[in-house]
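Q: Single-letter residue listing:
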Amino acid sequence: MVRYIANKFFYMLVSLFILISATFFLMKAIPGDPFTSEKKVPDQIRERLYEQYGFDKPVYQQYLKYLGDVVQGDFGISMKKINREVSDIITGSFAPSLKLGLVAIVVAVIIGVSFGVLAALYHRRLLDNITMVLAVLGIAVPSFVIATLLQYVFASKLHWLPTMGFKGPLYYFLPVAALSAQPIAFIARLTRSSMLEVLHADYIKTAKAKGLNWIAILFRHVIRNGIMPVVTYLGPMTANIVTGSVVIEQIFGIGGIGKQFVDAISGRDYPVIMGITIFYGVLLMIARFITDIAYVFVDPRIKLSKGKEG
Amino acid sequence: MEPILQVKDLHVSFQVKGGEVKAVRGMNFEVGKGETVAIVGESGSGKSVTAQTIMRLIPSPPSIIRQGEILFQGQDMLKKTNKEMEAVRGKDIGMIFQDPMTSLNPTIKVGKQITEVLIKHQKMTAAQAKREGIEMLKLVGIKNAEARFNQYPHEFSGGMRQRVMIAIALACRPSLLIADEPTTALDVTIQAQIMDVMKEMQQRLGTSIILITHDLGVVAGMCDRVIVMYAGEVVETGTKWEIFKNPQHPYTKGLLRSMPRLDQKKGEPLIPIIGTPPDLIKPPIGCPFAARCEHAMKICEQIDPSATVFSDSHSARCWDLHPMAREGGQPS
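Going down the list, the sequences are from chains A and B. With the working numbering, letter number 9 in the first sequence gets 13, and the count goes up by one each step, no holes. With the working numbering, letter number 297 in the second sequence gets 300, and the count goes up by one each step, no holes.
None of these hints come from the bench; they were simulated from the model. Some hints here could point you the wrong way.
To be verified - Distance ranges between label pairs, derived from CB positions: (1) A:His127 x B:Asp79: 28 to 36 Å; (2) B:Gln78 x A:Val157: 46 to 54 Å; (3) B:Lys248 x A:Thr236: 56 to 64 Å.
Here a beta-carbon is modelled for each residue, glycine too, at the ideal position from N, C-alpha and C.
Next up, chain B with everything else stripped away, as it sits in the complex (with noise of 0.2 Å):
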């Protein structure tokens, strides 16, 4: 699959009083075209600045780019000047954010807060956009869409503003949609439908999508590829079920026994990763997970581990799966 948007080698940290938090150190990752990637991984991951970076929205300081490439349809947006990002976003790469109820202005109309980015990009007129924002909201599932388009975020509940901020992230058919979190405010009901409307559009515009998520429910449902972070590392990455059937890093299957399932019995607990995150001012030199890991062994303390790959599309990083480990005849 043709690569549409290349991260190599990104490093972001945060300027704090006391001192430096490295947030994202070296995430590498690919998008196909019309692939939908997910980026789980708890908070504090990294997940939400790696896709703010992408469009380079977290604010300079306190962020800090230290190093590494993104390459969005081969252009290096890292070297791109602010006017020229203006034109990428919201055209070509579009976003969508947590909180439904917070991501609209509460005092311009919908239908004004979708023709916006019309008329900025697709220098439509404004009868042009209307006629177009009216369309997209019908395309995102808005009923009696003429009569909604002149109406207040207020008068909106949290999915259908949720389906605004999508027709509003669509407008103008990016190739690539960055969703973060688009679901955790929501009911599950409503989370069910907004991920089918993401899927519809999906399929109808060829949009290659970033689902950021810490709902591997949401995972299962919607991606190609997962990318498992871990204290602004990657840990594992896979297809869907090669993570799903067979995780590999001891991180991944933490998430797994941690998330309920449906053939749990009564009153049997969920079993918790234990601990907490390392301190990302001062990173560990060597596995970030090491702290929290059963399995941890010396090594794991004192060498971050390079990426064992299982197939093409899978590989960990774990000193447990590194091939000299398993010589020794301790499979985990």
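Isolated chain A, as found in the complex (with noise of 0.2 Å):
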């Protein structure tokens, strides 16, 4: 288990040094600069703002004080909000982000597997279809058509949730619907699939034959096999919470992480931007870690440490 871990650990951090590297260096590709946009500035002051963020020298150079100074946990400072550092404004506005995140992936397993179970159980029958329709539309639209309907009909016609930002329960309904209608779309399917798979199962047949009640089968003997390949969907559907509130965020106007990421890459704060994609970064990778750990608890037959069973 330790070893798994330490071995884990080291590849999270060569992938965390290839995602830099390749940010870094994409980022400069692209021509202009922070100043670009500001146009009255005079030339003296615009090479004075070059040299004082050093951009004046090459590259690479440029990129190994870079690293240098994110292997000593030091961000840098925005180069648009004056004097704010980039760990503070990950900080800052990491909370509502967060929030809007767990509540998103609680409901989309909650529903998601909620409808599997019921789709399956109703295996061809009316609310079967019904659900699959619903996941086929779920998993084909994107979220951003989503949210921008859900706001029509609910806040600009209906009238009884706000349509922008986010000042309480009543702010989340929206936003969490257009963040989980995927994963929810996609649980809902994973779900169903993999609980018909159990349902025809023998053991299933061995638990009937005990005399166990359908609810006891249900709940013991078949979700708990069925939602196995939910699990595995964890880490890439945190993965599609995170990048899809990117969008939400700026739709529904929420200062989240993901709008301050929008707002960073169209003024080119470099340091920011640099600093929310480590940041997005670490977090899948813990993601997908927890998702592999969690496996070993759902599935007894699964174990960490390769080769011979211990």
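Make one complex out of these two single chains by using the hints.
A: This is how it looks when you write it as structure tokens:
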């Protein structure tokens, strides 16, 4: 176990290094810089700025300096928001994103699994068909389309829910719905197909032959085995929700980290772009890692260490 | 012998796209107390369907029980509600399935899969059930039962898993055990061990056993009586000795002939029964075996024969065995 974690950790560092390098050079490869949009800057001041931020040096030197800073835990200062450290921007805007993301994940799992289970139990009947049509829609329609549709119907037409902002429980509904729609659809389909497989498994017949009632069979024997693929999906789903929130926060005007990210990119705020990219990277790697660990607890057949059974 | 189970004129069908598969077409048999009865026949002859119908385990739809009675300890199982059946399953009738590799839930500890049935039917506390569960594991010959109790099925071999299945099936001391091809998926050496465990448990607990198999060797080693099924019907029934020493029905004879023997010469081919069983969506009106039978006569294709009785226990359904056919002086 310890070896497994150490091993994983090493690979995380490697992927992080690749992520940082790729993002850094790609970002620099795009023409323009943070100060292009400010038109009336005299050349002298521009040069001073360049010098201050080190833009006058070759890119590889900037890169090495940045790497050195990051290793020391220094993510730099925003080039647009005066005197704000990147780490401050991230911690300051993380709270709403975290709340939104967590609620969306929980909602996605609960609703997705429930729909999947129901669809499997009513296999080839009306409920199953309706669920699966919705699921296909959910997977096919992008979240920003769902978001705007929801805004139009529930906020602008029906006035049931607020259109924008993030000031209380009511403000959660629309962004969470938009964010979790795709994962719900995906989880529902996953759960359904694996439930159907489990329902026809021999051990379910054994459970019936034991005289267990169907509720005991369903909860003790079917669902546990049926949701295993969902556990695998938790990692990619977190990625989906995190990246989805970049767009969703923008649409709903939520001042979360996703919105900061978009602002940073449109303003060419190099340190912030890098900082948030690294942050997202770490977040996703942790999600993946937790998924791997979670799998061991759900499925006793899986052991983390490779090689012989311990 | 006092019968514990009586199956009377059982008809079971399955609804499929092309019509109705008449899988069981008028089964009649009895199982006495403490007796072991084998149901043999090839795949699709209705053995498993009969067994699962006794437990009411086949889902309906697509299955339909057209008619008949299944009297277990005097009660008609076909008239029971689902709830009432739950009280019978696992408690009064235990069941073992063909493939031990898939019959146990892979994500639940073996011990829990045994205690589950004890807690359900014997109203035991978790601690009592655990003690009893370990006891059952010892009884079926699992060494180091205390440690094994907390392991998962994937840590057991096939034979060990089948022992666990037997432990589960017999945990509540049922009066009837239905073993649906319990050794088909196992190695021959393990098969013998499993049969020994079943025999020993039977002697200890006095359980009646219905053994479904297509392995006549298993039948010879274990059973008192044999029921030979073909195309959803009983074609011959008798004690083990009557069937092996004095088979009457051409199908039974064919089955015995097609079995490899120890005294067989090297290279000598087995004698198969030529042909395939009839399509049970449109079962033949006459004897279902007629198309494959070398002694088939005109009447065989027109009227399904009734049983000819040879002794209290031995009877077979074949026109060639009919008293009137014998008068013609053509012994088969």
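Q: Does each hint fit the structure? Answer for all of them.
A: The hints, checked one at a time:
1. A:His127 x B:Asp79: 28 to 36 Å: At roughly 31 Å between Cβ atoms, Asp79 of chain B and His127 of chain A fall inside 28 to 36 Å, so the hint holds.
2. B:Gln78 x A:Val157: 46 to 54 Å: This hint is violated: roughly 58 Å between Cβ atoms.
3. B:Lys248 x A:Thr236: 56 to 64 Å: 59 Å, holds
Violated hint for the displayed structure: number 2, the only one.
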